[in-house]
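*Asks:* Fit chain B to the known structure of chain A by using the hints.
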Amino acid sequence: MVTMFTSMITIQENNMILKGEMQIITELEYISNMIDDYYMDKIGYELPSTTEAFPVADQNEVWFNAKLDDGDNNIYLVKISTSGEVLPYGYPMNIVVTGLPDVGPIYLADNLVFAYFDVSGNEIDSATLASEPGRATIRSIQIEMVVYQGEYNTDTMRARTLVFTKYFPNLAI
Amino acid sequence: MAYGQTMLVLLAILLFSTMMLGYYNNLFRWYDMHNREFSRLQALKLAESVFQEIEFTYIADLVSFSELESAWSDSTRAVPLTDVNYTLNVESSWCDSLGTDTGSASNFLRFDLRISCYPGFGDTIWVGTATDPLQKLIADMGI
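Here the protein sequences come in this chain order: A and B. Mapping to the numbering used here: the first sequence position 94 is 1190, numbers consecutive. Mapping to the numbering used here: the second sequence position 80 is 83, numbers consecutive.
The set of hints was computed from the structure by calculation and includes no laboratory data. None of the values given here were measured: they were computed from a predicted structure. All C-beta atoms in this analysis are idealised placements derived from N, C-alpha and C, irrespective of residue type, glycine included. Don't take each hint at face value.
From the structure, some residues in chain B lie toward chain A, with a derived Cβ separation under 7 Å [stated by the list, open to error]:
no. : residue
1   : Trp33
2   : Phe41
3   : Leu44
4   : Ser52
Bound conformation, chain B alone:
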C-alpha cells in the first residue's frame, strides 16, 4: 500500500473514532438527562402531594391556622422510592397576600418546599432551592 493510501486509511480510522467518541459522549449525556428528568417528575409529584397534604390537614380541621404554621415551620422528611431517596424540606412563614414575609402572625401562610435526591450518579438533583423554593400560599379561612 502506498504511503498516501496508508495515510488516508489512518485518517479515516481517526475520524471514525472521533465520531464514535463524540457519539457515546452525547449518548451518556442524554441518558443522564432522561434519568434526571424522571427524578424531577417524581419530585414534582411528591411536591404536589405535600402541598395537598398541608391543605387537607387544614380543611379537614386537623390543625388550626396557627398550628399549621408551627407544624410545618421546619419539617424534613425522607421518602425512599424506587432506589432513590428523596429528601423533602418544608418551611412555613407568615406573609401577606403577595407572599412577602410579615415576620408576625397574619392571615396568610407561605410554604417553601425544596426537594433533593441523588439518583446514584452525577450531582444531587434539586427541585426548588433555598433561594427559589416551590411555594404555596394558604389564606386563613376561619376554619
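If we strip away everything but chain A, and leave its shape as in the complex, we get:
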C-alpha cells in the first residue's frame, strides 16, 4: 500500500513536470513570436530620417522607434528590457510602448541577451553601440531568452533557452 501511494505521488509529480515542459515551449513560442512578428516587424519602415531607429541598444535592453499596427501611422518608442533578479520570481521582462506598460512583467529564468549585427553580419561591440552613429549601423538583432516553469530555483527549475534573430531590411533600403 505504501509503495502504491508513493507511486501515485510520483506520478502526480511527473505529470506536473510534463505539464511545465509543455508550458515552457508554448511560452517560448508566444513571446518570441510577439517580439519578432509584432513589435520588431516594422522597424525602419517609413521611419523619418530625423528619428533614430535604436535610441538604446544594450545587452539586456533595447529601445526602438517603429510603427506597430497596420494602418496606424504613428511612430512608437518601444522598450524591451529585463532588469535584475527579483526573488523569488526571476528576471522580469517588460515591454513599454511610449511610456506605458504594454506587456509584463513576464518572469524569465535569466536576463534577455541582445546581440547586434551590422550589414555584413559582424557583431557590433558595446563601445560602438554607445554612440548614435554606431547604433545606426544595426541591421539585425539576435535575442536569447530563457523561460522556466514551476518554482523559481536556479538549482532545480526546468528551463529552456531559445535563440532567434530578426533582420531589418527596411533599415537597409
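*Replies:* Okay, now just chain B, sitting in the frame of chain A:
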C-alpha cells in the same frame, strides 16, 4: 494465508507492476516528445532567420539576384546552441513563379532548406528533408 489469498496478492502486485511499467514507458515517451518539440521550435526559428538573411542580403543590395543563386547554391552551416548542434543546408534553384525548376536563369529563385540536429538521444531530428524541404521563393525585383 490461504492459497487463494496469496494468489490474489500476487495478482495485485503483478497488475500494479505492469501498470507502473506502462506508465514509465509513456512518461519517457512524453519527455522525448517534449525534447523533440523544443528542438523543432528552435530549428524553425533558425530556418526563419536564414530566410530573413537571404532576403536581407538581396534587399540591402549586398548581392545581385544572380549572385544570390551562387551564394546559396549548396550552403551548409553548423549552429551550436544550448548543447545541441544544428546543421543547416540551403540549396538554391532557378524556378518559375510556382516554384518549379527551370534549369536555367529565370526571374525566380527557390531556396530549399533542411535542418538536422541530434538532441543527445534517440534519432536525429529533421526539420525539412531532401524530398520535402522548407522553401522560400524570391522574385527578381531588379535591385
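*Asks:* Confirm or reject each hint.
*Replies:* Hint check:
{"no.": "1", "hint": "Trp33", "in the structure": "5 Å, holds"}
{"no.": "2", "hint": "Phe41", "in the structure": "6 Å, holds"}
{"no.": "3", "hint": "Leu44", "in the structure": "6 Å, holds"}
{"no.": "4", "hint": "Ser52", "in the structure": "4 Å, holds"}
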